[in-house]
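**Q** As a plain string of letters, each chain reads:
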Amino acid sequence: GIQVEQSPPDLILQEGANSTLRCNFSDSVNNLQWFHQNPWGQLINLFYIPSGTKQNGRLSATTVATERYSLLYISSSQTTDSGVYFCAVDKKGNYQLIWGAGTKLIIKP
Amino acid sequence: NAGVTQTPKFQVLKTGQSMTLQCAQDMNHNSMYWYRQDPGMGLRLIYYSASEGTTDKGEVPNGYNVSRLNKREFSLRLESAAPSQTSVYFCASSERGETSSYNSPLHFGNGTRLTVT
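Just so you know, the sequences run in chain order A and B.
Counting in the numbering used here, the first sequence runs from 1 upward without gaps.
Counting in the numbering used here, the second sequence runs from 110 upward without gaps.
Just chain A, same shape as in the assembly:
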């Protein structure tokens, strides 16, 4: 089956710093989604991005499907960006997403 690897596993930054989180996948996929799980456990869908680049405020994501990776950029980090960031992929027709292990991000004030 498809393997999804996220890096780095942990990241500690000062408020205001920029960061790049990576998601590699081992086979072609139909789609890729990025999620943020905040310290209270809520899971928020950030991006639905099978290919190309999308931006939402200080966050942007790029998926290069042909090279089997996706990047999540966070600019001017805020303490509210802390939490775990997951990427999840799916093969065409499969309801079951395949999840990465996540990147735990801590933003220090």
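None of these hints come from the bench; they were simulated from the model.
Errors might be hidden in some of the hints.
[As the list claims (entries may be wrong)] What follows is a set of in silico ranges between Cβ atoms, one per label pair, in the way DEER data are often shown:
{"hint": "1", "chain 1": "B", "residue 1": "GLU168", "chain 2": "A", "residue 2": "SER28", "range": "36 to 44 Å"}
{"hint": "2", "chain 1": "B", "residue 1": "LEU178", "chain 2": "A", "residue 2": "SER76", "range": "43 to 51 Å"}
{"hint": "3", "chain 1": "A", "residue 1": "GLN78", "chain 2": "B", "residue 2": "THR124", "range": "40 to 48 Å"}
{"hint": "4", "chain 1": "B", "residue 1": "MET150", "chain 2": "A", "residue 2": "THR79", "range": "23 to 31 Å"}
{"hint": "5", "chain 1": "B", "residue 1": "SER209", "chain 2": "A", "residue 2": "GLN78", "range": "32 to 40 Å"}
{"hint": "6", "chain 1": "A", "residue 1": "GLU67", "chain 2": "B", "residue 2": "SER127", "range": "27 to 35 Å"}
{"hint": "7", "chain 1": "A", "residue 1": "THR20", "chain 2": "B", "residue 2": "GLN126", "range": "42 to 50 Å"}
{"hint": "8", "chain 1": "B", "residue 1": "VAL121", "chain 2": "A", "residue 2": "THR53", "range": "41 to 49 Å"}
{"hint": "9", "chain 1": "A", "residue 1": "ARG58", "chain 2": "B", "residue 2": "THR116", "range": "29 to 37 Å"}
All residues carry an ideal CB built from backbone N, CA and C; glycine is no exception.
Based on the hints, put chain B in the right spot on chain A.
**A** Just chain B now, with coordinates in the frame of chain A:
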């Protein structure tokens, strides 16, 4: 819009007790899902429902039953709780229709923290 609403938020059960976790969405989504999240194990799919009246097993269905009561509601039942079912349970929904080959963005509820002693 409330999005995806789960009840209860917290629950403690004794081994062998039963309970039902409730989930409702107000986004007119077709598909609904139940996941569990355990430390170090990530999110694992228990059951999903591609449309009203249909349900299918996910990765870890043993010990659970589900009911898609109508388009809005999807419940998860533990008939005889076991300590191994201690976890955080998330309900999710997406627009994806039964005839579609493509997933849609997944939207999660706030979770139910279940402890079985």
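**Q** Next step is simple, just say for each hint if it's right about the structure.
**A** Against the structure, the hints:
A hinted range of 36 to 44 Å for the beta carbons of GLU168(B) and SER28(A) is inconsistent with their spacing of about 21 Å. The given range of 43 to 51 Å is respected by LEU178(B) and SER76(A), whose C-beta atoms sit roughly 45 Å from each other. Between GLN78(A) and THR124(B) the Cβ separation comes to about 43 Å, which falls inside the hinted range of 40 to 48 Å. Separated by about 27 Å at the C-beta atoms, MET150(B) and THR79(A) satisfy the suggested range of 23 to 31 Å.
In this structure the supplied range 32 to 40 Å holds for SER209(B) paired with GLN78(A), their Cβ-Cβ distance being about 36 Å. A hinted range of 27 to 35 Å for the beta carbons of GLU67(A) and SER127(B) is inconsistent with their spacing of about 49 Å. The supplied range of 42 to 50 Å is met by THR20(A) and GLN126(B), whose beta-carbon atoms lie about 47 Å from each other. Our hint of 41 to 49 Å for VAL121(B) and THR53(A) holds, since their Cβ atoms are close to 46 Å apart.
Look at ARG58(A) against THR116(B): about 33 Å separates their beta carbons, and that is inside 29 to 37 Å.
The structure does not agree with the numbered hints 1, 6 stated previously, though it agrees with the rest.
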